[in-house]
Amino acid sequence: MKHGANCGSTWTRTGRSSTSLARRLESSGQAEEEAQKLMDGTNESKKCQAAMEAEEREAKAKLEAKLMTIGNILHESVPVSDDEANNVLVRGFGERRVGGKLMNHVDLCIATDIVEFKKGVAASGGRGFYLLEEGALLNEALQRFCIAFLRKRGYKAIRTPHIMTKEAMGKCAQLSQYDEELYKVEGEGKFFIATAEQPLAVLHQGEQFHPDQLPIRYVGFSTCFRKEAGSHEFEKVEQFCITSPDGNDSWEMHEEMIAGHVVSVVSGALNNSAAKKYDLQGTSVMLKLYRLSSKEARNDLWPEKAW
1 MKHGANCGST WTRTGRSSTS LARRLESSGQ AEEEAQKLMD GTNESKKCQA
51 AMEAEEREAK AKLEAKLMTI GNILHESVPV SDDEANNVLV RGFGERRVGG
101 KLMNHVDLCI ATDIVEFKKG VAASGGRGFY LLEEGALLNE ALQRFCIAFL
151 RKRGYKAIRT PHIMTKEAMG KCAQLSQYDE ELYKVEGEGK FFIATAEQPL
201 AVLHQGEQFH PDQLPIRYVG FSTCFRKEAG SHEFEKVEQF CITSPDGNDS
251 WEMHEEMIAG HVVSVVSGAL NNSAAKKYDL QGTSVMLKLY RLSSKEARND
301 LWPEKAW
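The UniProt record's numbering puts the sequence shown at residues 1 to 307.
What the hints contain is simulated information worked out from the structure, not anything from laboratory work. Check the hints yourself; a few may be wrong.
Taking lysine to any residue pairs in the SDA-like style, the calculated list, with each CA pair at most 25 Å apart, reads [claimed, not checked]:
| # | residue 1 | residue 2 |
| --- | --- | --- |
| 1 | Lys66 | Phe209 |
| 2 | Lys171 | Glu56 |
| 3 | Lys227 | Asp82 |
| 4 | Lys152 | Ile114 |
| 5 | Lys66 | Asn87 |
| 6 | Lys190 | Ile70 |
| 7 | Lys236 | Gln205 |
| 8 | Lys236 | Asp40 |
| 9 | Lys66 | Glu134 |
| 10 | Lys60 | Lys227 |
| 11 | Lys236 | Val115 |
| 12 | Lys227 | Ala136 |
| 13 | Lys119 | Asp107 |
| 14 | Lys184 | Ala122 |
| 15 | Lys101 | Glu134 |
| 16 | Lys236 | Leu137 |
| 17 | Lys227 | Gln143 |
| 18 | Lys171 | Ser244 |
| 19 | Lys227 | Glu116 |
| 20 | Lys171 | Gln213 |
| 21 | Lys236 | Gly128 |
| 22 | Lys171 | Gln239 |
| 23 | Lys166 | Glu55 |
| 24 | Lys62 | Glu188 |
| 25 | Lys166 | Ala65 |
| 26 | Lys236 | Leu270 |
| 27 | Lys236 | Gly126 |
| 28 | Lys101 | Thr112 |
| 29 | Lys190 | Phe209 |
| 30 | Lys184 | Arg159 |
| 31 | Lys152 | Lys62 |
| 32 | Lys236 | Val106 |
| 33 | Lys184 | Val237 |
| 34 | Lys236 | Tyr155 |
Restraint ranges, calculated between C-beta atoms of paired labels, are given here [claimed, not checked]:
| # | residue 1 | residue 2 | range |
| --- | --- | --- | --- |
| 35 | Asp82 | Glu133 | 30 to 38 Å |
| 36 | Gly71 | Cys48 | 37 to 45 Å |
| 37 | Lys118 | Glu140 | 20 to 28 Å |
| 38 | Phe145 | Lys166 | 45 to 53 Å |
| 39 | Val106 | Ser81 | 48 to 56 Å |
| 40 | Glu140 | Asp82 | 35 to 43 Å |
Think of the CB as a built atom: it goes at the ideal place given N, C-alpha and C, for glycine as much as any other residue.
Model the full assembly from the supplied sequences, consistent with the hints where possible.
Spelled out as structure tokens, the structure:
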């Protein structure tokens with residue numbers, strides 16, 4: 001910040017010098033040679049000013065990039081570890097089924113003929129697929145069920161954009177995600193969303209709410225695009241809530257949104273935006289472990305730029 005202030009101060013002095021030279025040139029009744037010297041001085045001053053403006057922009061860009069690498073302040077209950085084997089079970093219900101001839105989701109889809117994998121790969125590359133008949137209808141039905149379920153509980157339905165500008169994405173995603181997870185629209189400085197959470201996070205950027213207007217509950221739904229194992233694109237229904245940063249409102253909302261087999265994720269596995277994260281897990285027959293989805297709580301310290 002100090003460098004930026006010095007640069008701005010120097011730029012101001014240079015601007016005043018350029019203005020002074022221009023005025024002297026206008027009022028000069030001296031010989032042509034003297035007038036040329038004044039013009040040369042004015043041009044040099046403008047070049048210096050332009051160089052300093054460029055330096056100031058570069059310094060601000062570097063500062064913004066550094067700020068984006070600062071992670072959120074973790075909640076005191078988050079288990080401190082770099083190993084997800086140390087995730088803490090918060091609560092759970094039911095027992096995992098074992099034994100028998102249970103199918104994983106891929107085998108089940110093939111057995112019921114609701115997905116075409118080979119032609120999907122031929123059309124879109126690895127991990128592409130077509131949903132057929134009951135598969136397509138089941139996909140739509142699950143989304144509609146989730147949306148209807150949440151709307152009955154005060155959530156407002158929102159279909160989000162699928163593409164975001166780099167500026168908007170930078171307010172809700174950390175820089176490492178750009179190359180590791182996000183698909184870029186070449187030549188436009190835009191990215192396909194990895195989750196409806198991203199466009200929802202900037203929906204109210206720059207706005208202020210009275211405490212009486214909170215909490216605001218959204219159920220967002222969209223197609224999501226990710227560079228990851230398993231699938232490149234999929235539909236997802238997202239819960240997104242805005243609460244007051246005062247007291248325990250945010251943490252209580254986080255608890256309200258979670259049900260089922262829940263674990264608190266260790267600090268080393270959190271991204272920069274999360275102050276706390278729960279994994280909501282179901283049984284994976286193939287992997288023989290619990291795994292499914294996640295929910296994050298963010299306090300008012302991140303992303304400050306989005307609000």
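Hint check:
1. Lys66 - Phe209: Since the Cα atoms of lysine 66 and phenylalanine 209 sit roughly 29 Å apart, the hinted pair is violated (cutoff 25 Å).
2. Lys171 - Glu56: OK: lysine 171 and glutamate 56 at ~22 Å, within 25 Å.
3. Lys227 - Asp82: The hint holds at about 23 Å.
4. Lys152 - Ile114: Since the Cα atoms of lysine 152 and isoleucine 114 sit roughly 30 Å apart, the hinted pair is violated (cutoff 25 Å).
5. Lys66 - Asn87: 29 Å, violated
6. Lys190 - Ile70: Cα-Cα ~23 Å, so holds.
7. Lys236 - Gln205: Roughly 23 Å between the alpha carbons, so the hint for lysine 236 and glutamine 205 holds.
8. Lys236 - Asp40: Violated, at about 63 Å.
9. Lys66 - Glu134: Violated: lysine 66 and glutamate 134 sit about 49 Å apart, past 25 Å.
10. Lys60 - Lys227: 30 Å, violated
11. Lys236 - Val115: 18 Å, holds
12. Lys227 - Ala136: 23 Å, holds
13. Lys119 - Asp107: 17 Å, holds
14. Lys184 - Ala122: 22 Å, holds
15. Lys101 - Glu134: Holds: lysine 101 and glutamate 134 sit about 23 Å apart, inside 25 Å.
16. Lys236 - Leu137: Since the Cα atoms of lysine 236 and leucine 137 sit roughly 15 Å apart, the hinted pair holds (cutoff 25 Å).
17. Lys227 - Gln143: 23 Å, holds
18. Lys171 - Ser244: 19 Å, holds
19. Lys227 - Glu116: 21 Å, holds
20. Lys171 - Gln213: 23 Å, holds
21. Lys236 - Gly128: With a Cα-Cα distance of about 17 Å, the restraint between lysine 236 and glycine 128 holds, given a limit of 25 Å.
22. Lys171 - Gln239: 19 Å, holds
23. Lys166 - Glu55: 22 Å, holds
24. Lys62 - Glu188: At roughly 21 Å apart (the allowed maximum being 25 Å), glutamate 188 and lysine 62 satisfy the hint.
25. Lys166 - Ala65: 13 Å, holds
26. Lys236 - Leu270: 21 Å, holds
27. Lys236 - Gly126: OK: lysine 236 and glycine 126 at ~20 Å, within 25 Å.
28. Lys101 - Thr112: Status holds; Cα separation ~15 Å.
29. Lys190 - Phe209: 29 Å, violated
30. Lys184 - Arg159: 21 Å, holds
31. Lys152 - Lys62: 46 Å, violated
32. Lys236 - Val106: 18 Å, holds
33. Lys184 - Val237: Distance of about 22 Å is within 25 Å: holds.
34. Lys236 - Tyr155: 16 Å, holds
35. Asp82 - Glu133: 30 to 38 Å: Roughly 46 Å apart at Cβ, these two residues miss the hinted range, so it is violated.
36. Gly71 - Cys48: 37 to 45 Å: Holds, at about 39 Å.
37. Lys118 - Glu140: 20 to 28 Å: This hint holds: roughly 23 Å between Cβ atoms.
38. Phe145 - Lys166: 45 to 53 Å: Once the Cβ atoms are compared, 35 Å apart, the range 45 to 53 Å for lysine 166 and phenylalanine 145 is violated.
39. Val106 - Ser81: 48 to 56 Å: The hinted range 48 to 56 Å is violated for valine 106 and serine 81, with Cβ atoms some 32 Å apart.
40. Glu140 - Asp82: 35 to 43 Å: 40 Å, holds
Violated hints for the displayed structure, listed by number in ascending order: 1, 4, 5, 8, 9, 10, 29, 31, 35, 38, 39.
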